[in-house]
Amino acid sequence: MTDVLPSPLSLCLAVLLAWLTIGVVGISRPNNLRLTRQLFAIGAACGAALAVIAALSLTTPTEQYVLALGLPDLPFHVRRDALSSVFLFLLGAASAGISTFAAGYFREGQGTPPGLLCLEYHAFLASMGFVVLADDAYMFMVAWEAMALSSYFLVTTQHRIPEIRSAGFIYLLIAHLGAIAILLSFGLLQGGSWQFTFDAMREARLDPIPASFAFLLALIGFGAKAGLVPLHVWLPEAHPAAPSPVSALMSGVMLKTALYGITRVAFDLLAEPIWWWGLVALGIGLFTAVFGVIFAAVQSDMKRLLAYSSIENVGILFTGFGLAIIFKGVGMPALAAIAFAAMLYHATNHAFMKSLLFLGTGAVLHATGERNLGRLGGLIHRMPWVAWLTLVGALAIASLPPLNGFVSEWLLLQSLLFSYEVPRPFVHMLLPLGAALLALAAALAAYVMVKFYGVIFLGQPRESTLHRAHDAGWLERIGLIWLALGCVMFGLFPTFVLGCLSNVGEQLGFSGLELETGSWWLLVPLADREASYAPLIFLGTATLLVILTIYGVRRFYHQRVRLGPAWGCGFGEFSARMQDTAEGFGQPIRHLFKPFFDMKRDLPTPFDTEPRYRVVVGDRLWQLLYVPLGRLVQLAANSVAWLQQGRIASYLLYSFVTLIALLALML
Amino acid sequence: MNVTTWILQVLEILAAVAAAPLFLGWVNQCRAWLQNRNAPSVLQPYRNIRKLFHKEAVIASNASQLFRLAPYIVFGTMVTAAAVIPSLGTRLPFTRAADAIALVGLLATARVFLSLAAMDVGTAFGTLGARREMMVGFLAEPALLMVIFVASMISATTALPDISERLATQALGLYPSLAFTAVAFTMVLLAENARIPVDNPSTHLELTMIHEALLLEYSARHLALMEWASALKLFNYACIGFALFVPWGAAMQQTPLALLAAIPALALKLLIAGAGLAFIETVSAKLRVFRAPEFLATAFLFAVLGLLVHLLLGA
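Keeping their order, the protein sequence lines are chains S and F.
Note that the first sequence covers residues 64 to 730 in the numbering used here.
Note that the second sequence covers residues 120 to 434 in the numbering used here.
Hints in this document: simulated from the structure, not taken from any laboratory.
Since we're looking at a predicted model, the values are computed, not measured.
Every residue, glycine too, gets a C-beta built ideally from N, C-alpha and C.
It is possible that some hints are incorrect.
Computed from the model, here is a short list of chain S residues facing chain F with C-beta under 7 angstroms [stated by the list, open to error]: (1) L235; (2) A502; (3) L599; (4) L602; (5) T604; (6) R625; (7) A629; (8) F648.
The following residues of chain S were derived to be distant from chain F, with all beta-carbon distances above 12 angstroms [unchecked claim]: (9) D136; (10) Y215; (11) E484; (12) A499; (13) G603; (14) S718.
Pulled from the structure, derived: some chain S residues nowhere near chain F, Cβ distances all over 10 angstroms [unchecked claim]: (15) L74; (16) I90; (17) N94; (18) A104; (19) A108; (20) I283; (21) W448; (22) I544; (23) G572; (24) F659; (25) A700; (26) L716.
All chains should be built: construct the whole structure from the sequences, respecting the hints.
The structure is reproduced here in structure tokens:
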């Protein structure tokens, strides 16, 4: 950086301020839809700028400012290091695509006026940026709460619908449970110095026991935001309720701020993580991954399906996180660096692919007004742009080469595979089995994506109204193309990405990645293992072979094609009701993983004149955990209620007793 | 890397593509002998493919571009996989493009496209086949990866050619862990290639079919490519098995002569493997669809046993 240019940190702050300004301008004309759309487009440009700044600043040294804002004696501290830059990049790049899409997406009659929506949306973006830049607990919590609140209002955009209000309530509740845990964790992290800047926390050097408590509290707190089981229940409620660009932002970016938080606490503030923390995170992560994907496979609402798929990916992220701690804790730096880089890589990948899929469902929702998979189908004919671009996201999230999801999955498997060298008895036998679970999650993700894509876009339209579906507008297409391009590029050039991420790890005390330099097209993460992967060659060869085959077949044989109706299995009429429904596609999963589900079935009897088959799959955790917990809270509230006698004399007595007690405490 | 190695690489790919239907023909012939039937010629798969190429393609009127593109993608992916697998030589340049895990990913890509194409027309059998194929896929993939993990733990790498070389050059000893994983791999091979006991390749229109249900809407050149791709898939799986469990005989130099010398070894292994496959198919009965998970869970358990044996005994 030359002296002429302002520092990256001030540029990032300028972008965040620009987002806030856009929000304020939006609210000044709350009902002007045209202005709002233009503002969203400007917001997208800001996002792209942020992505560029963050990407360029990955290798620049850490910077710190003390802002002249905040409470007296408690100013806001901001800091930008390589880890923040990764997450700022993710925020900027994903929001550029999402905001462009949103510029063409929001219409009248969404419940909340467009100008207000614009304010909430951009405040949400800016607060996520501030979370990543915060350098003291006070500013972090302010930004964290601003993020929770702005997203709550965005989730309840259509607040006239009761289900959406209750979804918003669950979201807010769990967000605050998490916030309390984070606050407590910060309380432990300051280690008796009562200084809440992150610098003081780095200096604190906690003993193992308080450090472990701080870590576990942070895991609960950030896990609640990320959607780790059993705190995942808000995700499948909030995501379908929110408008699609908001779901995309929440799933693609907001969940990653939780990952950022836990990474900051474990590797930066606590500096020396203990290896068994990693085991806890890994266990929860793997369970979450498998749990999420199994539930995704039985959903029949497309946005709920994606929400569960996000839970799966959060599980994968925490698996990588746990692995990085284990390897770091037992002194295996090369593998720790790989696991850490794989985690960050997967976070970036997921931001692109999940945003892409959520925006795809948004386009479908606009075109058809339907979220239920059972009423969709055959949309590839009516909306080819959305269909083909969504296919990229679906293949990427199913972790298929040569797209981006595969690279991070591959790196994780590579590091997990060599975990048998961990010098701890039994653990080294269990860890390779974790690789099998990860592989199961990835293979099930492919199942889920075939269901998702096949039922929505392929087959015959299940409703006659679908013939009137229209493709997405040009702004929406640009947003989708941007995200799809991200999926492809991050898949094809892993060496560049890892080269950047290696620097992030080094700043946090990991060893650098031993990438084989000189061959930018060939990824060799562990030089001594000789495992290599060359996605570009993969894609090139496969494409070449496909073209050669097409050409060869045309050259040597005829190309005659006759179109005809498909065979209706001898039933005469070939109808859309013959194809599998979403429920049908979930049937093997319901059968195989029965103990996971809380299933209610209505089966027809032979004597029904109008036979109906219905199956409702619920989450057992509701019955096992949340309902008893709710009852307990109710009981506690009832027992406290006798204090509320409604007589002014007793309330005065309470105040008096409190005063006396406080005085006694002080003296 | 010089021109010769690349020419050899191309020749190796062409050989694999050309030999795949022959291997299928050999399996079918052995099976017919074992079942006291008149055996078809080993060249029968070629004749079928040739016949199909000459026919006029009939496509459902509501099929999308994806449906037409899928056979080419599936075929192209399988050929790419054939290039990555060290069937004749372990030092060919393309085997570096992917390790064993990436190879599993490549095979999964083919499966996903096959299933998506089956869902495209929207018939009852297509979607049914798609969901069953994906079910078998997600059960077989962890088992296959466990098999690969055990082999890569023994040789400390996930690169298939290196695994193969290290196992071939080590002193000829018994690896109990590899014995377990070999059983697991055979079971995965049967399931992934739609053989008995998971699926029956020789029947159509049974309610339990998987692979044939996927291809039901295809005809002519598209069907030919799909059939060829599935023959190639069987060939590829056999070669993965050889690389992991019987690596002897593959060329470890890049010279034309060494590769030429590797051909008889590979042919011999394929002859024995084909006969063995036919034998297994003859003596076992087709399972119900919902017994397939149990079958694959057993495969997975065998692989885990192999892993534990390796970790406990270090062998």
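Now for the hints, and whether the structure bears them out:
| no. | hint | in the structure |
| --- | --- | --- |
| 1 | L235 | violated (36 angstroms) |
| 2 | A502 | holds (4 angstroms) |
| 3 | L599 | violated (9 angstroms) |
| 4 | L602 | violated (10 angstroms) |
| 5 | T604 | holds (5 angstroms) |
| 6 | R625 | holds (5 angstroms) |
| 7 | A629 | holds (4 angstroms) |
| 8 | F648 | holds (5 angstroms) |
| 9 | D136 | holds (55 angstroms) |
| 10 | Y215 | holds (36 angstroms) |
| 11 | E484 | violated (9 angstroms) |
| 12 | A499 | violated (5 angstroms) |
| 13 | G603 | violated (10 angstroms) |
| 14 | S718 | holds (63 angstroms) |
| 15 | L74 | holds (39 angstroms) |
| 16 | I90 | holds (44 angstroms) |
| 17 | N94 | holds (41 angstroms) |
| 18 | A104 | holds (32 angstroms) |
| 19 | A108 | holds (34 angstroms) |
| 20 | I283 | holds (30 angstroms) |
| 21 | W448 | holds (13 angstroms) |
| 22 | I544 | holds (18 angstroms) |
| 23 | G572 | holds (27 angstroms) |
| 24 | F659 | holds (15 angstroms) |
| 25 | A700 | holds (45 angstroms) |
| 26 | L716 | holds (65 angstroms) |
Hints 1, 3, 4, 11, 12 and 13 from the earlier list are contradicted by this structure; the remaining hints agree with it.
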